[in-house]
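A.B. asks: Now for the letters of each chain:
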Amino acid sequence: MMRETFIATTTELLDDDPRTALVLADISAEPFAPARRRHPERVLNVGIREQLMASVAGGLALTGLRPYLHSYAPFAVDRAYEQLKLDLGHQDAGAVVVTIGGSYDASAEGYTHQSPGDVALLDTLEGWTVHVPGHHDEVPPMLREAARHDDRVYVRLGLQENDRAYPDAGRLLVLRRGGPLVVAVGPMLDPVLEATAGLDVTVAYTNRPRPLDADGLRALTEGEVILVEPYLAGTSAAAVSAALEGLPHRALHLGVGRAEVRRYGTWRDHARAHGLDAPGLRASIVDFLG
Amino acid sequence: MTTTAVLPDDKLGPLLHRITGDEKHTPSAYSTLDVLWVLYDRVLRISPQTVDAPDRDRFLLSKGHGPAAYYAVLAAKGFFPEEWLDDLGGWDSPLGHHPDRVRIPGVEVGTGSLGHGLGLSIGVALGLRAQGFTRTRTFVLLGDAELDEGSNHEGIAYAAATHLPITAIVIDNQSSTHGWPGGIAARFPGWDTSVVSGRDRDRLERVLKPRHDRPNLIVATVERKGS
Chain D
1 MMRETFIATT TELLDDDPRT ALVLADISAE PFAPARRRHP ERVLNVGIRE
51 QLMASVAGGL ALTGLRPYLH SYAPFAVDRA YEQLKLDLGH QDAGAVVVTI
101 GGSYDASAEG YTHQSPGDVA LLDTLEGWTV HVPGHHDEVP PMLREAARHD
151 DRVYVRLGLQ ENDRAYPDAG RLLVLRRGGP LVVAVGPMLD PVLEATAGLD
201 VTVAYTNRPR PLDADGLRAL TEGEVILVEP YLAGTSAAAV SAALEGLPHR
251 ALHLGVGRAE VRRYGTWRDH ARAHGLDAPG LRASIVDFLG
Chain V
1 MTTTAVLPDD KLGPLLHRIT GDEKHTPSAY STLDVLWVLY DRVLRISPQT
51 VDAPDRDRFL LSKGHGPAAY YAVLAAKGFF PEEWLDDLGG WDSPLGHHPD
101 RVRIPGVEVG TGSLGHGLGL SIGVALGLRA QGFTRTRTFV LLGDAELDEG
151 SNHEGIAYAA ATHLPITAIV IDNQSSTHGW PGGIAARFPG WDTSVVSGRD
201 RDRLERVLKP RHDRPNLIVA TVERKGS
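From first to last, the protein sequence lines are chains D and V.
The opening position of the first sequence corresponds to residue 1 in this note's numbering, with each subsequent residue numbered one higher.
The opening position of the second sequence corresponds to residue 1 in this note's numbering, with each subsequent residue numbered one higher.
It should be emphasised that the hints constitute simulated quantities derived from the structure, not laboratory data.
Be a bit skeptical, because a hint or two may be false.
Claimed, not checked - Distance ranges between label pairs, derived from CB positions: (1) D/R177 with V/A161: 53 to 63 Å; (2) D/L244 with V/P14: 56 to 66 Å; (3) D/L244 with V/D41: 57 to 67 Å; (4) D/D137 with V/E82: 56 to 66 Å; (5) V/P54 with D/E222: 46 to 56 Å; (6) V/S93 with D/A29: 39 to 49 Å; (7) D/G64 with V/D213: 21 to 31 Å; (8) V/V102 with D/E82: 17 to 27 Å.
Heads up, the beta-carbon is just placed ideally off N, CA and C, and yes, glycines get one too.
With the hints as constraints, model all of the structure from the sequences given.
C.D. replies: Pasting the structure below:
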């Protein structure tokens, strides 16, 4: 659903705003074909060339356009990392990178199509805003907001969704009040709510982990904080530590493990393997809280 | 190395000496110098007054290595004060060993890591076309060893497939470790190509000036590196 929402919203942006450009590397080229017919000079498919996709985005931005680029996360980020670093960041240019696949949506395709490390990679670079929507209705405002400036924006789309959307969850949104803080990022919310049912915890939600809402985190943390992220475990450890500097605290970082899971199946199977389904999360959280 | 009759412009020699502090090497030691001079003196529609004009011609130095000649030409044309040349790579200097577009007026892209300029120039040309700047031309300069980087070949194929009217200049000083048997132009299928002396300014002008309706490659051959 998120991918369809992205295609619909970006097609509208292309129709409404002559500054919008879209660069594809074959992925999703077909559903964007109507937009490409209407705007052949602003909808560009470079073929299976992700380095070029990012470089072209940098060049478009240097002429004043607002480029969106899109592929599977491992191709758009892991493969083209130096292009994101140099052809956007070093040029002082921006773009909106919208990916699908995430950590293990491409479960049956295998590790080649998976990027648990995309957000960690972007954390090495300056100035990226990272959106991780937890529901497809959260996607359109992220894309529309990104059209109004020239900064670097990453939108991580996925198959896993929460039951309901929280369109205004850039800052930490408290959904349950109680004891120790559990922060759920994007699609981790529903499993976290289920995992913590009956536990005395505070649950807060964000779909914009970068920049992390440091003020909110500092205000809500009373000694213990648990981060649950749908990408590499510990990706936010440095940001959490910086936000809580000087405050005594214990932290637990849950997310996707570093070890490659050489199995196929569905994203649910992989979530379970990484301990990111409700029972796995509950076990880790209870163990940590003691 | 021949040093005769290469530089009619007395100005560039002293500027290069200011950058390098090197009195021994004549300007002909700089492989890109004549191409850059012809571009900025005779071809590009850009001046210090139009560095931010949306319809200015674009020149992207992809081969960011050894930018002394580039800096000398930009200084000679008044894009920045000649005094900047005296402190190359210094803490307070805007001029590094690779150019930074954020620091230097007239520099379109910051380069240094090889294989980025062609893709950027394709994006620039596409962005200009999408905004109706049909008179604006886009040039990019690469080195023959830079073509080793695979990212270039993504751009070469796409520019040809889309008939994008960019002009790429490859300075060939035979510095690619494994060379290009059969010639560099053979790596640019679908492009107009010409091979000229990178020292013959009139000839360079003749191949750089005409507009093409598809991508255009100019291989500018100079002395072998280190010769």
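A.B. asks: Now tell me if each hint is right for this structure.
C.D. replies: Hint check results:
no.: 1; hint: D/R177 with V/A161: 53 to 63 Å; in the structure: holds, 58 Å
no.: 2; hint: D/L244 with V/P14: 56 to 66 Å; in the structure: holds, 59 Å
no.: 3; hint: D/L244 with V/D41: 57 to 67 Å; in the structure: holds, 59 Å
no.: 4; hint: D/D137 with V/E82: 56 to 66 Å; in the structure: holds, 59 Å
no.: 5; hint: V/P54 with D/E222: 46 to 56 Å; in the structure: holds, 54 Å
no.: 6; hint: V/S93 with D/A29: 39 to 49 Å; in the structure: holds, 46 Å
no.: 7; hint: D/G64 with V/D213: 21 to 31 Å; in the structure: holds, 24 Å
no.: 8; hint: V/V102 with D/E82: 17 to 27 Å; in the structure: holds, 18 Å
Of the numbered hints listed earlier, not one is contradicted by the structure.
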